[in-house]
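Asks: What follows is the residue order along each chain.
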Amino acid sequence: MKRELEYTIKINQERCTGCQACVLACSYHHSNVFSLTNKSSIEIFRNNQNGEININYNQASCDMCPDEEVPLCIQFCAIEAIQFIRMRK
Amino acid sequence: MHSIAGKVAWIDLSNRVIKVESTEKYQKYIGGRGVGSYLVFKEVPTNSHPLSPENIITFNTGPLTGTLAPSAGRINISSKNVATNGISFANAGGYFGPEMKYAGYDHLIIQGKAEQPVYLFIHDNEIDIKPAEHLWGKDTWETEEFIKKELQDEKIRVASIGQAGENLVTMACIMFDRSRASGWGGCGAVMGSKNLKAVVVRGKGCLELYNPKEFMSYNSNLWKRMLNTNMIRLFHEYGNLGTSGAGGIFGNLAQSVRNMEDEVWEASKTLKVREVVFREKFEQRKLADFACPITCSRFYHIKEGKFSGHKLEALKTNIYRAFGTNIDLDNKEYILMANEMADRYGLNCDSLSAVVAWAIDVYQRGLIDKVITGGLDLHWGDGELQLKLFNMITFREGFGDILAQGVFLASKQIGRGTEKYAMHAKGHGICEQGMRSHKGWALGIMTSPIGGGHLAGAPNTEQKRLPPEIGELYFGVPTAGEPTTYDGKGKLVAWFDKYKAISDIVGLCVFATYWIDTSFIGPDDFSNLLSTATGKEINGKNLLHLGEKICNIEKAFNTLHAGFTKKDDYPPYKLTEIPISSGEFAGEKLSKVKWVEMLDEYYKCHQWDINTGLQTPECLLNLDLHDVRDRIQKAGKFPSPSKNEEKKGEN
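Protein sequences appear in the order of chains R and X. Going from the first sequence to the numbering used here is simple: count from 1 and add 41. Going from the second sequence to the numbering used here is simple: count from 1 and add 58.
These are computed hints drawn from the structure, not numbers from a lab. Any given hint could turn out to be false.
Unchecked claim - Partial selection, computed: residues in chain R whose CB lies under 8 Å from chain X:
hint, residue
1, GLY59
2, SER76
3, TYR98
Stated by the list, open to error - Restraint ranges, calculated between C-beta atoms of paired labels, are given here:
hint, chain 1, residue 1, chain 2, residue 2, range
4, R, GLU121, X, LYS662, 29 to 37 Å
5, R, LYS51, X, LYS282, 18 to 26 Å
6, R, GLN124, X, LEU292, 34 to 42 Å
7, R, PHE86, X, GLU208, 38 to 46 Å
8, X, LEU292, R, GLN54, 22 to 30 Å
9, X, GLU208, R, ASP108, 40 to 48 Å
Claimed, not checked - Result set (BS3-like, lysine-lysine): computed pairs, CA atoms no more than 30 Å apart in a straight line:
hint, chain 1, residue 1, chain 2, residue 2
10, X, LYS361, R, LYS80
11, X, LYS206, R, LYS80
12, R, LYS80, X, LYS647
13, R, LYS51, X, LYS327
14, R, LYS51, X, LYS364
Treat the numbers as computed from the prediction; the structure is a model and nothing was measured. C-beta: ideal position from N, C-alpha, C; glycine also.
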């Protein structure tokens with residue numbers, strides 16, 4: 042039986058180093074520019090006072106980079122904090 | 059114009075006038091340190107005091123700053139050097155540089171002196187000069203938090219000075235994002251002298267590249283190449299501290315012990331403060347700078363004891379050395395607290411350690427006493443004493459007021475034979491590991507135009523024990539990986555001088571380059587990234603040529619402003635007279651004779667005069683630096699044929 046699948050990404054908040062590479066990669070994918078504001082499906086805020094990192098992932102605006110082997114955010118995450126998740130619809 | 063914001067702001071604090079011009083005008087020097095050094099050379103009058111309104115301070119990004127090139131978060135700060143009177147450039151990571159570009163500016167040139175304390179707020183292409191009387195007296199962490207609340211924006215990026223900069227302490231630095239420092243040359247004091255408490259940026263713009271598709275294609279392969287190296291795996295696992303500090307992964311790397319008296323620290327002490335100890339006891343998470351695959355940083359949380367509750371991004375190799383081994387301190391909590399205090403006050407760790415360790419050293423030798431220290435008993439390994447001295451230096455209290463001048467001037471003032479124990483390069487305090495055993499490393503530090511530091515020409519190939527065939531292939535120097543060999547090191551350092559200048563010019567971190575690993579960014583990678591980002595074709599060879607040019611502008615500034623000659627490239631007394639006590643390099647020290655031979659090779663590679671160490675008119679003309687040649691000519695600072703006494707003088 043052929044199963045229908047859907048895809049998403051999952052960002053490991055504990056592992057994330059806050060470097061913003063995924064944000065930049067995503068802004069390039071959507072707009073062909075580098076920016077940290079309003080161009081990306083991912084937003085990362087690093088609190089330097091307590092070392093915490095907050096991540097906002099806007100799944101609605103993420104198209105999983107269909108022309109890439111794997112989404113660009115994953116390609117540029119040096120510490121493999123982003124996972125490509127495949128699941129049944 | 060691509061990959062740049064397009065604007066340069068000249069901010070005259072005396073007259074509260076801001077002029078904006080196009081970045082295009084400075085394209086000849088590409089950006090970063092290239093533009094900074096050129097502007098300082100051009101704008102700062104020869105006889106001006108570094109802390110006078112005539113000095114300028116520049117904030118420079120490169121064309122790759124703010125892109126997705128590996129480690130593209132760098133900002134360069136240039137000015138006249140408070141410690142040496144020569145040039146100063148200091149490079150910081152964090153997130154400030156990209157934010158400044160997104161806010162619309164590639165370079166800031168700050169001139170004059172504000173009547174009252176101010177800070178600059180740069181946002182949406184605007185620049186506001188805002189009052190900062192209420193911030194004066196606050197440390198850098200308090201300043202950052204206060205401004206965030208005042209501007210009601212958690213996402214602003216702040217470059218600020220602490221009380222050390224306000225009080226014109228020679229070792230004062232500028233802090234970014236709480237823990238990132240532009241450390242060298244007293245740039246924090248330069249800001250303080252201008253009544254400039256902070257520069258604040260908020261950028262909502264974006265960077266457009268000339269050929270984003272090709273840039274990303276090349277960049278993606280570059281990231282993959284870097285991520286496939288063992289070096290990256292080591293950084294991810296052990297961070298900056300574990301790979302090159304705390305004795306390294308195997309605990310056998312050379313260190314700087316007790317005012318650089320030795321390179322071997324007792325194993326019992328090393329074991330107490332190895333990277334693994336900090337990791338297991340305090341590590342909350344791994345951190346990386348802007349777009350950086352290396353992940354060298356860590357966030358620590360002290361959870362128990364006297365300093366329970368303290369949290370900070372911390373402990374790079376330099377800091378471990380400066381506040382640990384060089385003070386003979388093996389208490390991990392006190393090392394972290396020294397890190398926090400230096401960050402808060404805005405003090406450069408290397409030059410701070412140089413003066414603190416020197417004070418303890420000369421006290422222990424009986425050259426100074428309690429009359430001079432104001433009753434303080436100075437001894438090694440005392441974490442509380444170290445914090446007290448930081449406090450006294452920052453607020454210029456008692457003995458601290460003498461130390462606040464930096465190790466060179468403090469030792470001159472006190473005299474009594476203490477001068478020979480002052481660890482400095484060209485008057486700037488240093489705290490470095492392995493300078494007796496690693497000859498090229500030592501040469502790079504002593505010839506650095508900013509007065510020491512390993513971020514100019516110092517190679518890392520010796521620490522990495524680079525195989526001869528790799529040394530030959532990449533640098534034309536088969537001995538590049540042999541620590542104790544002098545031969546070839548002049549050539550190696552001259553190459554790294556111009557090569558490391560490129561990463562400071564384009565806006566990338568040297569950790570992402572050949573300096574750390576030959577699989578990382580090389581000259582042709584710089585060239586490909588730049589060409590696709592900016593649309594201006596430049597090959598690796600031409601980039602190295604530009605690097606050489608910038609080194610020569612900096613050298614000329616030193617000749618004109620500080621009068622440095624060959625003698626200023628010699629190592630301090632301790633390194634030539636006191637050998638390493640034990641271990642792999644037991645008995646090793648710097649030979650004066652070999653040093654001069656190494657220097658001569660270095661000068662020849664730069665086409666400088668081997669008798670005096672000065673530039674020649676021919677060298678400057680070959681680099682198309684006519685204006686530089688004219689200024690040196692006018693000042694009569696070219697070597698004369700009769701000036702050869704220095705050649706043998708120090709043998």
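Asks: A separate judgement is required for each hint: does it hold in the structure or not?
Replies: Status of each hint after checking the structure:
The beta carbon of GLY59/R is positioned within 8 Å of a beta carbon in chain X (closest approach about 6 Å), and the interface hint is therefore held. Among the interface hints, the one on SER76/R holds; its C-beta lies about 3 Å from the nearest C-beta in chain X, closer than the 8 Å criterion. The beta carbon of TYR98/R is not positioned within 8 Å of any beta carbon in chain X (closest approach about 18 Å), and the interface hint is therefore violated. Range check, GLU121/R to LYS662/X: Cβ separation about 48 Å, and the 29 to 37 Å hint is violated.
At roughly 22 Å, the beta carbons of LYS51/R and LYS282/X sit within the given window of 18 to 26 Å. The hinted window of 34 to 42 Å between GLN124/R and LEU292/X is violated, with their beta carbons roughly 24 Å apart. For PHE86/R and GLU208/X, the Cβ-Cβ distance of about 19 Å falls outside the hinted range of 38 to 46 Å, so the restraint is violated. Between LEU292/X and GLN54/R the C-beta distance comes to about 25 Å, which sits within the given range of 22 to 30 Å.
For the pair GLU208/X and ASP108/R, the beta carbons lie near 45 Å from each other, so the given range of 40 to 48 Å is met. Restraint check for LYS361/X and LYS80/R: the C-alpha separation of about 39 Å exceeds 30 Å, so the hint is violated. Restraint check: the Cα-Cα separation between LYS206/X and LYS80/R comes to about 24 Å, which is no more than 30 Å; the hinted pair holds. Distance check on the hinted pair: LYS80/R and LYS647/X sit about 56 Å apart at the alpha-carbon level, beyond 30 Å; violated.
For the hint pairing LYS51/R with LYS327/X, the CA-to-CA distance comes to about 43 Å; that exceeds 30 Å, so the pair is violated. About 39 Å separates the Cα atoms of LYS51/R and LYS364/X, which puts this hinted pair outside 30 Å; it is violated.
Going down the numbered hints, you'll see the structure goes against 3, 4, 6, 7, 10, 12, 13, 14, while the others check out.
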